[in-house]
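Asker: Here is how the chains run, residue by residue.
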Amino acid sequence: MLLSEIATRLGLEQLGPDREILGVNTLESAGESELSFLVNPKYTKALEASRAGAVLLSAEHAPLVESALLSENVYMDLARVVSLFARPQGQFTGQSPLAFVHETAQVHESATIYPFAFIGPETRISANAVIFPGCYIGERCCVGADCLVYPNAVLMSDTVLGDRCIVQPGCVLGGDGFGFAQTPAGHMKIPQVGHVQLGDDVEVGANTSIDRAALDVTQVGSGTKVDSLVQVGHNVRIGEHCLVVAGTGIGGSTHIGDGVVIGGQAGIKDNITIGDGAMIGAQAGVNNDLPAGSKVTYTPMMDIGTYLRVGAALPRLPGLLKRVRRLEKELERARADKGGEQDG
Amino acid sequence: MLLSEIATRLGLEQLGPDREILGVNTLESAGESELSFLVNPKYTKALEASRAGAVLLSAEHAPLVESALLSENVYMDLARVVSLFARPQGQFTGQSPLAFVHETAQVHESATIYPFAFIGPETRISANAVIFPGCYIGERCCVGADCLVYPNAVLMSDTVLGDRCIVQPGCVLGGDGFGFAQTPAGHMKIPQVGHVQLGDDVEVGANTSIDRAALDVTQVGSGTKVDSLVQVGHNVRIGEHCLVVAGTGIGGSTHIGDGVVIGGQAGIKDNITIGDGAMIGAQAGVNNDLPAGSKVTYTPMMDIGTYLRVGAALPRLPGLLKRVRRLEKELERARADKGGEQDG
Amino acid sequence: MLLSEIATRLGLEQLGPDREILGVNTLESAGESELSFLVNPKYTKALEASRAGAVLLSAEHAPLVESALLSENVYMDLARVVSLFARPQGQFTGQSPLAFVHETAQVHESATIYPFAFIGPETRISANAVIFPGCYIGERCCVGADCLVYPNAVLMSDTVLGDRCIVQPGCVLGGDGFGFAQTPAGHMKIPQVGHVQLGDDVEVGANTSIDRAALDVTQVGSGTKVDSLVQVGHNVRIGEHCLVVAGTGIGGSTHIGDGVVIGGQAGIKDNITIGDGAMIGAQAGVNNDLPAGSKVTYTPMMDIGTYLRVGAALPRLPGLLKRVRRLEKELERARADKGGEQDG
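Residue numbers (numbering that gives the first Met the number 0), protein chains in the order written: chain A, 0 to 343; chain B, 0 to 343; chain C, 0 to 343.
One should not assume that every hint holds.
Given that identical chains are not distinguished, each listed pair holds provided it fits within a single copy or across any two copies.
Straight-line alpha carbon distances no greater than 25 Å define the calculated SDA-like cross-link-like pairs of lysine to any residue that follow [unchecked claim]:
(1) Lys321 to Ile303
(2) Lys44 to Thr25
(3) Lys41 to Asn286
(4) Lys294 to Pro183
(5) Lys268 to Tyr42
(6) Lys321 to Gly251
(7) Lys44 to Leu63
(8) Lys41 to Arg8
(9) Lys337 to Leu26
(10) Lys337 to Arg123
(11) Lys41 to Leu14
(12) Lys41 to Lys337
(13) Lys321 to Pro87
(14) Lys188 to Asp145
(15) Lys44 to Pro16
(16) Lys44 to Val260
(17) Lys188 to Val38
(18) Lys321 to Pro16
(19) Lys188 to Gly22
(20) Lys188 to Thr25
(21) Lys268 to Ala45
(22) Lys337 to Arg324
(23) Lys337 to Glu108
(24) Lys337 to Gly15
(25) Lys188 to Asp215
(26) Lys188 to Ser221
(27) Lys188 to Met278
(28) Lys294 to Asp17
(29) Lys328 to His254
(30) Lys41 to Ala180
Just so you know, these hints were derived from the structure itself, not from any lab.
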């Protein structure tokens with residue numbers, strides 16, 4: 000594709016000579032027939048050293064390169080330009096005779112069902128959805144239009160996906176929540192009879208687990224993106240347009256607002272409420288409700304400003320103990336001297 | 000089912016008018032034909048606002064509702080009542096011709112084998128067990144009676160499940176332990192020739208991994224429940240009736256007693272011993288043996304009382320540093336003054 | 000196998016009477032026809048109590064047993080002796096007619112393809128590789144010679160494995176990286192068009208996820224071993240001969256040198272560089288570049304020596320707050336007295 004054609008398609012201004020562009024790559028790796036990009040000004044040196052045929056960047060950096068596409072939101076336009084070159088995963092269409100599709104399932108004629116996929120009773124697969132090999136879609140599920148359900152993902156019974164959801168490989172939606180009643184005879188399982196519901200444009204990462212509700216529904220709102228190896232407990236409700244980074248765990252029945260960002264490996268207690276727009280740092284342990292707009296991190300949870308000061312102070316704690324001991328001794332001596340004076 | 004019939008089946012006292020009950024739901028979501036429940040008195044307001052047709056609760060809260068089932072252990076009776084309405088996952092019976100069952104495997108005639116399940120040589124599947132699509136049951140495994148092995152679970156060779164175990168989707172039992180000898184040529188794999196053994200009534204969560212032993216056996220005792228995304232290292236022994244919450248990692252060869260409760264995302268060192276009834280907080284880092292009945296949390300590990308005080312004190316650490324500096328200066332000045340006096 | 004034959008095969012010195020040896024086991028569990036081993040001198044008591052037929056140990060401990068194999072590197076020789084008795088997982092050979100192999104895939108005649116495996120277009124499976132049931136190998140992948148790809152592992156398009164790699168069950172290689180551009184309409188997916196490449200002799204644990212690069216490649220160097228439930232972000236590069244323990248998360252575009260050891264549940268920030276030979280403790284939060292040879296742990300990250308002192312001091316922090324308050328009061332009183340004196 001010519002650079003000029005990319006410019007036209009994306010509505011961007013092009014500077015410098017036109018070129019044939021075959022793909023997109025990093026400043027470091029791009030060759031003469033590849034487009035690269037500059038998002039972070041700290042990579043200006045890499046920009047100058049790059050062999051990229053053209054670079055997508057903001058107007059102020061354009062003088063540093065020969066061929067440029069100008070953008071006011073480089074990261075967004077990067078997403079758009081990569082889309083022009085992206086090839087989808089898999090090359091199949093149609094419904095494989097090696098799949099198992101229950102006779103009561105409704106599969107849209109434009110959907111793709113790969114070999115070894117299992118589609119259960121009364122389940123609906125909508126237009127253009129793609130179900131990869133090894134997926135299990137249980138009974139009474141609904142997979143929305145244009146969904147991609149990657150290999151070996153599991154949707155247990157009654158799972159609902161909105162349109163354009165992406166379920167990465169090995170993801171489990173609707174496994175049983177962890178609910179047991181304590182009895183003299185041991186932990187008695189509370190049957191988990193609820194289900195999981197994702198909105199539109201939700202993405203869920205590889206080997207992530209979202210548990211079915213005990214009774215009603217575990218929900219993930221439209222536009223929310225959940226990374227790999229995340230655990231979402233039963234009855235959780237996550238709002239719209241959130242980001243949940245890899246390794247995070249969210250305890251049962253916790254409600255999370257819209258636009259919340261949760262860093263990697265964070266742990267969020269069960270039965271709490273996180274307000275809209277809250278930001279939770281990586282590895283944080285959130286054990287209490289958070290008002291909208293909170294910025295917290297660490298275990299025990301603190302606001303981020305406090306954490307930075309505490310983090311800087313912590314290595315000085317052992318020294319502080321010694322300093323206080325020294326002060327105590329000095330005051331002891333002073334008291335002894337004074338006592339001596341008074342005695343004398 | 001009539002409320003009076005539920006009362007009879009569970010042996011509970013019924014108060015107020017009888018009704019047709021079609022299911023169980025939360026106070027918030029339940030409608031007129033649903034039974035709800037009150038476990039935690041803090042939800043008394045939700046109880047008053049609920050449209051539930053009847054409520055399972057303790058006698059003291061009965062005056063707040065029209066129709067009630069009285070219980071002395073609401074959570075346990077909730078488990079029992081939900082069981083009356085629960086539908087099992089999947090609707091198949093029998094052994095699918097689309098499964099692969101090795102000719103030397105012994106599958107009980109009452110067991111269910113779904114399409115695309117793989118049952119290896121010399122493996123035994125007991126009465127009423129259900130093996131879902133995409134499961135791999137390797138050679139010489141034994142799956143006990145009434146076990147549920149959900150989709151895409153993997154049991155590597157020689158894995159033994161007791162009766163009534165539940166293996167959630169994507170769970171891996173018997174993957175290789177992480178054992179390597181350091182050699183001048185790099186990390187040399189120590190073949191992991193042991194196996195994994197679960198007792199009766201064990202549940203293992205979605206995408207959890209329990210590694211096979213290096214030589215003998217990795218064990219999980221009867222009645223123990225392991226949540227999603229947990230890692231259990233090789234040679235670990237977990238006792239009976241434990242609860243291990245999601246995201247926890249247990250290092251190799253560690254022994255855990257009976258009735259231990261481990262919070263989410265805790266990390267437990269290899270080669271240590273945790274006594275019966277210990278309670279380990281979420282995100283704790285346990286790096287030493289724990290006596291029976293210990294209650295610890297945090298990294299570095301502390302008893303829970305100490306942690307609460309330390310957690311409250313931590314945000315005050317930066318201010319403490321300043322206060323000590325101020326004290327030091329004051330004493331310096333005092334010393335200087337005194338020196339001046341003595342000199343004078 | 001006779002003990003003497005083992006000695007000959009491994010080139011080790013044998014002491015005491017010869018015996019028939021049928022396997023290897025721990026000191027605790029070994030019987031008369033099993034070989035055991037002593038790696039850690041703290042188990043000398045277990046050695047004395049052991050019923051093992053023979054023991055692999057260093058010369059200094061040989062007098063404690065009747066039959067011995069002498070070794071200067073017991074752990075390495077243990078790996079070698081276990082290999083003599085290890086049976087591989089699975090018992091199949093050849094290519095199952097129940098697998099799906101695309102007509103453009105090239106599968107070496109010595110490779111094994113189990114039932115329900117999926118081999119995509121233009122993919123190459125090399126000599127002696129074994130692809131277990133339920134594996135998905137997407138298009139244009141390359142699986143090197145002697146690789147073991149265990150059940151339900153997923154290799155998305157363009158994934159490359161060197162020779163002798165081991166992919167544990169449920170592992171996902173090449174799922175999409177977590178990359179989104181922020182737009183007024185929400186998070187816009189940046190298509191992830193790069194791929195994953197493992198060197199030779201790499202092992203990847205059960206249910207681990209290694210994301211494909213956004214544009215170029217996510218790499219794991221030869222000889223590196225990655226444990227279960229690890230998340231490796233897009234564009235990460237891990238060097239050779241590293242060990243990454245279970246539950247760890249590595250953020251996108253981070254570069255890790257050779258010979259690095261990362262403890263369990265550690266979290267490593269995106270876009271940083273870890274030098275060769277660094278050691279990172281369990282549960283550490285690494286948020287900055289680390290020079291070669293660093294030894295750090297904890298969140299906030301500290302060198303290990305500092306951490307040990309801080310960890311010992313932390314439980315004393317609440318008491319320290321009280322002690323400082325006491326000092327402040329004493330000095331206040333002293334000032335008041337002095338003021339009184341001066342007034343008087």
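Asker: All hints, please: hold or fail.
Answerer: Structure-based check of each hint:
1. Lys321 to Ile303: between (28 Å within a copy, 20 Å between copies)
2. Lys44 to Thr25: Cα proximity of Lys44 and Thr25: one copy only (13 Å, versus 57 Å across).
3. Lys41 to Asn286: between (37 Å within a copy, 18 Å between copies)
4. Lys294 to Pro183: between (43 Å within a copy, 22 Å between copies)
5. Lys268 to Tyr42: Close across copies (18 Å), not inside one copy (39 Å); limit 25 Å.
6. Lys321 to Gly251: neither (44 Å within a copy, 38 Å between copies)
7. Lys44 to Leu63: The answer is within: 10 Å in one copy meets 25 Å, while 65 Å across copies does not.
8. Lys41 to Arg8: Classified as neither: same-chain Cα gap 29 Å, cross-chain 58 Å, threshold 25 Å.
9. Lys337 to Leu26: Close neither inside one copy (73 Å) nor across copies (67 Å); limit 25 Å.
10. Lys337 to Arg123: neither (89 Å within a copy, 86 Å between copies)
11. Lys41 to Leu14: Classified as within: same-chain Cα gap 22 Å, cross-chain 65 Å, threshold 25 Å.
12. Lys41 to Lys337: Neither way: Lys41 and Lys337 sit 62 Å apart in one copy and 56 Å across, limit 25 Å.
13. Lys321 to Pro87: neither (62 Å within a copy, 58 Å between copies)
14. Lys188 to Asp145: Classified as between: cross-chain Cα gap 15 Å, same-chain 37 Å, threshold 25 Å.
15. Lys44 to Pro16: within (22 Å within a copy, 70 Å between copies)
16. Lys44 to Val260: Close neither inside one copy (31 Å) nor across copies (31 Å); limit 25 Å.
17. Lys188 to Val38: between (51 Å within a copy, 16 Å between copies)
18. Lys321 to Pro16: neither (68 Å within a copy, 61 Å between copies)
19. Lys188 to Gly22: between (53 Å within a copy, 17 Å between copies)
20. Lys188 to Thr25: between (51 Å within a copy, 17 Å between copies)
21. Lys268 to Ala45: Close across copies (21 Å), not inside one copy (43 Å); limit 25 Å.
22. Lys337 to Arg324: Both: 20 Å inside a copy, 21 Å across copies.
23. Lys337 to Glu108: neither (97 Å within a copy, 94 Å between copies)
24. Lys337 to Gly15: neither (85 Å within a copy, 78 Å between copies)
25. Lys188 to Asp215: within (17 Å within a copy, 30 Å between copies)
26. Lys188 to Ser221: between (32 Å within a copy, 14 Å between copies)
27. Lys188 to Met278: Cα proximity of Lys188 and Met278: across copies only (20 Å, versus 35 Å in one copy).
28. Lys294 to Asp17: Intra 46 Å, inter 51 Å, cutoff 25 Å: neither.
29. Lys328 to His254: Neither way: Lys328 and His254 sit 52 Å apart in one copy and 46 Å across, limit 25 Å.
30. Lys41 to Ala180: Cα proximity of Lys41 and Ala180: across copies only (19 Å, versus 55 Å in one copy).
Consistency note: the structure conflicts with the earlier hints numbered 6, 8, 9, 10, 12, 13, 16, 18, 23, 24, 28, 29.
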